[in-house]
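Trainee: In case you want the letters, here they are:
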Amino acid sequence: MSVTRSEVAKAYEKLQTQAKKKVESLKEKPLVTVGTATCGRASGALEIFNLFQEEIKKNGLDVNVMEVGCMGHCYAEPLVTIYKPGFPSLCYGSVDEGKAQRLINDYLINDDPCFEFAMAALEPNDFFPTFADYPRGVYEYKIVMELCGLINPEDIDHYIAHDGYAALVKVLNMDPDDVIEEIKNSKLRGRGGAGFPTGIKWELCRKAPGSPKYVICNADEGDPGAFMDRALLESNPHQMLEGLIIAAYAVGASQGYIYVRAEYPLAVTRLQTALDQARSKGLLGDSILGSDFSFDVKIFQGSGAFVCGEETALIASIEGKPGIPSHRPPYPATQGLHGKPTLINNVKTLSYVPHIIRKGAEWFKSIGTPESPGTAVFALAGKVKNTGLAEVPMGTTIRDLIFYVGDGIRDEKKFKAVQIGGPSGGCLPESALDLPIDFDSLQEAGAMMGSGGLVVLDEDDCMVEIARFFLDFTQKESCGKCTFCRLGTKQMLEILTDITKGKGNPEDIDLLWELAEDVKAGSLCGLGKTAPNPVLTTIRYFRDEYEAHVNEGRCPALMCKDLIMYYIIPEKCSKLCDVCIGSCPTEAIYTRPDMLKAIDQEKCVKCNSCLVACPPQYKAVIKISPPRPVEEGEMKQDE
Amino acid sequence: MSKEVKIIIDGKEIKAREGEKLLWVALDNGIYIPHLCAKRDAEKPDASCRLCFVEVEGMPNPVTSCTLPVKDGMVVRTRTPRVDRLVSTAFELLLSNHRLGCGKCPKNRSCELQTIAKERGLKLKLTRLRPLERDLPVDDSPQGFIYDPSRCVLCGQCVWVCHNKVGVGAIGFVRRGIERKMATFGEVPLAESRCTQCGECVEVCPVGALTKKEEDEKQAESA
Ligand SMILES: Cc1cc2nc3c(=O)[nH]c(=O)nc-3n(C[C@H](O)[C@H](O)[C@H](O)COP(=O)(O)O)c2cc1C
Ligand code: SF4
Ligand code: SF4
Ligand code: FES
Chain Z
1 MSVTRSEVAK
11 AYEKLQTQAK
21 KKVESLKEKP
31 LVTVGTATCG
41 RASGALEIFN
51 LFQEEIKKNG
61 LDVNVMEVGC
71 MGHCYAEPLV
81 TIYKPGFPSL
91 CYGSVDEGKA
101 QRLINDYLIN
111 DDPCFEFAMA
121 ALEPNDFFPT
131 FADYPRGVYE
141 YKIVMELCGL
151 INPEDIDHYI
161 AHDGYAALVK
171 VLNMDPDDVI
181 EEIKNSKLRG
191 RGGAGFPTGI
201 KWELCRKAPG
211 SPKYVICNAD
221 EGDPGAFMDR
231 ALLESNPHQM
241 LEGLIIAAYA
251 VGASQGYIYV
261 RAEYPLAVTR
271 LQTALDQARS
281 KGLLGDSILG
291 SDFSFDVKIF
301 QGSGAFVCGE
311 ETALIASIEG
321 KPGIPSHRPP
331 YPATQGLHGK
341 PTLINNVKTL
351 SYVPHIIRKG
361 AEWFKSIGTP
371 ESPGTAVFAL
381 AGKVKNTGLA
391 EVPMGTTIRD
401 LIFYVGDGIR
411 DEKKFKAVQI
421 GGPSGGCLPE
431 SALDLPIDFD
441 SLQEAGAMMG
451 SGGLVVLDED
461 DCMVEIARFF
471 LDFTQKESCG
481 KCTFCRLGTK
491 QMLEILTDIT
501 KGKGNPEDID
511 LLWELAEDVK
521 AGSLCGLGKT
531 APNPVLTTIR
541 YFRDEYEAHV
551 NEGRCPALMC
561 KDLIMYYIIP
571 EKCSKLCDVC
581 IGSCPTEAIY
591 TRPDMLKAID
601 QEKCVKCNSC
611 LVACPPQYKA
621 VIKISPPRPV
631 EEGEMKQDE
Chain E
640 MSKEVKIIID
650 GKEIKAREGE
660 KLLWVALDNG
670 IYIPHLCAKR
680 DAEKPDASCR
690 LCFVEVEGMP
700 NPVTSCTLPV
710 KDGMVVRTRT
720 PRVDRLVSTA
730 FELLLSNHRL
740 GCGKCPKNRS
750 CELQTIAKER
760 GLKLKLTRLR
770 PLERDLPVDD
780 SPQGFIYDPS
790 RCVLCGQCVW
800 VCHNKVGVGA
810 IGFVRRGIER
820 KMATFGEVPL
830 AESRCTQCGE
840 CVEVCPVGAL
850 TKKEEDEKQA
860 ESA
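Residue numbers (this note's numbering), protein chains in the order written: chain Z, 1 to 639; chain E, 640 to 862.
Just chain E, same shape as in the assembly:
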C-alpha cells in the first residue's frame, strides 16, 4: 500500500494514497469533476473525453485529472475560468455529435451528459457550434438491448468491460478520425458477432447509446 498524502482540492484538505489518480480522489470525497472515459480499474487512462480538466498550482496549463497521480501537498482547483472554458467547449463538441432529444431517450434523467450539464450549468443544446450529427443505423439485433451509435460519446466504457470484465472482446473502436465508432469486429450486427449478449456493456454506458429494449419500450409508451 502506498503512503498516505494530503492534498487540497478547492480549499478542502483531503487524505489520499500517493499515486492514486486525482479524479478518483475527488469523486470519492464528494467533489464532482466531469468525466466520461475514465475507468477506475484500468491500467492506463484513455484520457480521451477531455472533460476532467483541473488546474494544479505549479502547473502552467490545465491538466486532465484522470491521468494525474496525486502527490503530497498538491493544490487543485476544479473550477477556474480556463477549466470552465475547456469543459464547456468539450461538452458542446460532444453534443454536436450526439443525437439530442432527451425526451425520446430511455436514458433521460440518468444520462451522464445531463449530470455534467446540471453540475456545470451547461445547456443541453448547441449554442455556438453546428450539428455534426451522424446518421448511423441502429443495431437492435440482440435479444435484450439496442445499440444506437448516433448517441455514442466514444467513452469506451462498454469496450473496456467487454474485454476486461466479461473477457469476450466482441466490441472495439473502428475507423479513424470523425468516423471513429464503437463496433464489432468487421462491423457486423452484435447478434452475428462474438457477443454473448451478457448486457454488461449496457450497464456501463453513460448515455443512451446502449439501452435495454424494455426501457426503450417504456419510453415509447410514455412519450
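Chain Z on its own, in the form it takes in the complex:
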C-alpha cells in the first residue's frame, strides 16, 4: 500500500508541476478571456471572441485569447476579462463590438484599462473595486462556481493547476469507508432537489449486495428556468468528474454514466473533451494514477423529457426503455441500473465532493446552516435586476438574495412573490422574505429547493395566472402513467384556466385545493407529488386574488386578458398626439369629435401596444378590471 501511496502522489505531482508551468506562462503576456458558455453565446460572445482573435492578429499583438465559462453574471454577457502584467485583472460586462475595439486600441495596444466600462477587478488593488466590494459580494460565497469563468474548461491543466484531482489522490490513499465517513460527516445533501444526505446514500450503495455497481451523474436539468448544471459542466467539467470518480471509488463502482440532456451540446462536447483528457493523464480508465482502482465513464444523451430527470425514469432510459418512473423502493442504491446497486447524484452534489475531501468536513460545515451546510446555487430570473447565477451560503435570506445579490426589482416595481424551486416550487409572499434559504425552511413554507430556479414576481403578476402557467408546464410533462398526475393535473389546469377567464365558480377554489392535496399525496413519482405546489402556495398566500377572479370577475394584477379592458382617460389624453392610433394592430382606436382618442372595445384584442405607445408625459392608457362602462369624468375623481 505504501508503495502505491507514493506512486500515486508522485504521479500527480508530476502532472501538477507541468500544469502549473503551462498556466503561469499564459499570464506572462496579456491574456484576454471571453465567457463562451451557452449564456455568453446567446449574447454574441463567440463573435466577440473571434473579433479579439482577428484584431490581435491584424495588429501583430503578442496577446493570448482564451475561452472560459460562466461567472454567473448572465445579465452582463458577453463578459471579457483582461489580464495584463502590471495592471489589475479587470472584468468588462456587456462587451459589444465597439467596446471590444476600444479595449484593443486603448488597453491592449496602449495602456489605458478603460475603467469607464470595467465591471470589477478580480483581485484587490488600488485602482478599482473587486466583485467582493459590491453589495452582492458580501453575500456570495463561491465553492462550486469558484473557478467558473476563470479557467479554460477545455484544458485539464487549468483544473489541475488549481489543485484539481488532488482530492482524488487523497482518496486513493484512503479506505473507501473513510471516504464515506468524511462525506457523511460533512452533512452534504443532494442538490438534485430533495436534499437527501449524500453520505448515507453512498453508504447504502456500498453496502448493497450485487456487482457490478454503477454511478450516475444526473445532468438532465429539465427545469426550463434552471441552467446551473449546464453552467458548471460548461465552465468546469472536471470538478464534477473528479467527484464522480471519488464516488465510484467510495461505493465500489467500475462504470459510470453522465446523463446529460441532448439539448446541451456545448456541455456534451466539453464533457467529452474532459473525459478524453482525464484518460490521457491516467486519471480515468484502467488503474487510475497507477493504483489498483479502475473506472470509466460514458456520456448518455437524454431524450429531453422533464420526467427523465427522475432517477428511476433516468435509469429506465439508459436501459433503453421508455423514460417512465417506477415505484420506489427498491431505491437505485440497492437495485438500479440493470438491477444492480447504483449511485445517482446531481452535478452540483458531485461538484462539492472534491472540495470537501480537500478541505475537510469541518470546513464544509462551517458554511451554511447546521442542517443544510454549504452553499446553494440559484438561477435568478423574472423581475429581478441582476438575472443569472448566484452561489450563496445556505441560510441566506430570500430578501438578501433578491435585493442585494439580485439588486432588487426591475423598473422600481413592487415585489409581490417569489417562486422558488422550479416549476414545482412554491410561490412565497412578502412575509416570507426573511426566511433563511435551506432545504427544510423552504419545504415548511410550501416551496422547495428543487433545481434552484428562482423567479421574482412583481405587482403586475397575477398569482392565479402564475399557478396556471407552472401547472401547464408540469401537466404537459406528466408521463401519463399514474392516475393522479395524468388526470388530476389536467382537472386542476382546467379549473385554473376557467378562473383566469372569469368562468370560475365559488366552489372551484376549494375543489382545486382538495385536488392539489390528493395529487400530491397520491402520485407515483416526484413530478406528480410536487406539481401542485404552485397551486397550493398561491391559494395559501394569495387566496384573495383567487376570490377576486371568481367573485368579482376582477384580476387585481390586471394581467388576465379576459378580465381587463383598455381605456383612455380623456383628461389625460393630449388631443394632439395620436401614437396610440398608429400602434393599434386592429384599428380599434379612433378620434372622437372633440379630438380625444377612445377605444372601440369590440375591436380591441388587448395586445397592450397602445399602453406601451402612449408617451410617458401623458400615461393616458390604463387597464381596468373588471371590464365595465366608464362614465366620463369618473377617472378624474379617482386621481
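FYI, nobody ran anything at the bench for these hints, they're computed from the structure. We put the beta carbon where it would ideally sit given N, CA and C, even for glycine. One should not assume that every hint holds.
[Claimed, not checked] Simulated coverage check for chain E against chain Z, where a stretch passes if three residues somewhere in it have a Cβ under 8 Å from a Cβ of chain Z:
(1) 697 to 705
(2) 731 to 745
[As the list claims (entries may be wrong)] List time: in silico BS3-like cross-link candidates among lysine-lysine, alpha-carbon distance up to 30 Å:
(3) K642(E) <-> K340(Z)
(4) K207(Z) <-> K710(E)
(5) K764(E) <-> K503(Z)
(6) K340(Z) <-> K764(E)
(7) K58(Z) <-> K22(Z)
Dock chain E with the ligands against the given chain Z, drawing on the hints supplied.
Mentor: Chain E with the ligands in isolation, oriented as in the chain Z frame:
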C-alpha cells in the same frame, strides 16, 4: 419458500409469506382492496392506478398495497378517512376520462369499476370533476373482438398478458401524459399489427375497453 409471518388487516389476524405483496394477501383472505393495475405474477408492480391505498401503522402516509411487501407484525387498515379520500378521488379521476354509459356497455355487471363503486359506496358518475372524455376511434379490425380506447383505464393488464403470457408483444402504451393510451406499435389497427388475435387481452380487460364482438351484439340487441 420464505418464512411465514402474521399480520393484522382491519383487526383480523392473517398468516402470510414474508415479502408477499399486501394486496394479494388481503384479497386471498377475502378482504377487498380496490385495484386495477396489479398483476400477480409480474416481477415489478406498475403501481399506476393508485386505487389500492391502505394505511399501515408506523408509516406517515397512505401507501399502495400492491407495492408493499408484508412484514411480521404489520398492522394494516384498508379504510381510513385518508384512504377513502384518495380512493374516491382516483376513482372519479378515472371516471372523468372513461366513456360512461354502463347500459350500453357489454361489460355491464362484470366491470371492475362497478365492483369498486359497489364495494366503496362510490357513484358511477361525476360529482365534483368535469368530463375529460376522449373521443378516440374504435378499433374493430380483429375478427372476434373490439378495442374501444375511450373506455380504457390504462391498467396495462392486456399489455402484460400479451408480452408475458402470450409472448407476442403486439400492444403497449404509446404517447405521454393525457394522451397516453394502449395501442399497437405505430398505432395501426390490431389486424394490421403483429397481433395474432388470440383474445387473451380481452379476457383480462377489467372494463369494457376490450370486448368480444358477440357480447357487443348481444348488448345491442337487449339495449
Ligand atoms: C420530475 C423530476 C425531475 C427531476 N429532475 C432532476 C434533474 O434534472 N437533475 C437532478 O439532479 N435531479 C433531478 N431529479 C431528482 C432525482 O430523481 C434524484 O433525486 C437526484 O438526481 C439525486 O441526486 P442528489 O442526491 O445528488 O440530489 C428529478 C426528480 C423528479 C421527480
Ligand atoms: S407522477 Fe406523473 S410523471 Fe410520475 S409516474 Fe405518475 S404520471 Fe408519470
Ligand atoms: S384495454 Fe383494458 S386491459 Fe388494456 S389497458 Fe385498457 S383497460 Fe386495461
Ligand atoms: S393496484 Fe396498486 S396502484 Fe394499481
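Trainee: Are the hints correct? Go through all of them and say.
Mentor: Now for the hints, and whether the structure bears them out:
With 3 residues carrying a beta carbon less than 8 Å from a beta carbon of chain Z, the stretch 697 to 705 of chain E meets the three-residue requirement, and the given coverage holds. Given a C-beta distance limit of less than 8 Å, the hint that chain Z covers the stretch 731 to 745 of chain E holds, as 4 residues qualify and 3 suffice. The suggested pairing of K642(E) with K340(Z) holds, with an alpha-carbon distance near 25 Å, which does not exceed 30 Å. The suggested pairing of K207(Z) with K710(E) holds, with an alpha-carbon distance near 22 Å, which does not exceed 30 Å.
A hinted pair counts as satisfied when its Cα atoms are at most 30 Å apart, and K764(E) with K503(Z) qualifies at roughly 23 Å. Between K340(Z) and K764(E) the CA atoms are separated by roughly 45 Å; this puts the pair beyond 30 Å, and the hint is violated. With a CA separation close to 26 Å, the supplied pair K58(Z) and K22(Z) stays within the 30 Å bound.
Checked against the numbered hints listed earlier, the structure breaks hint 6 alone; every other hint is satisfied.
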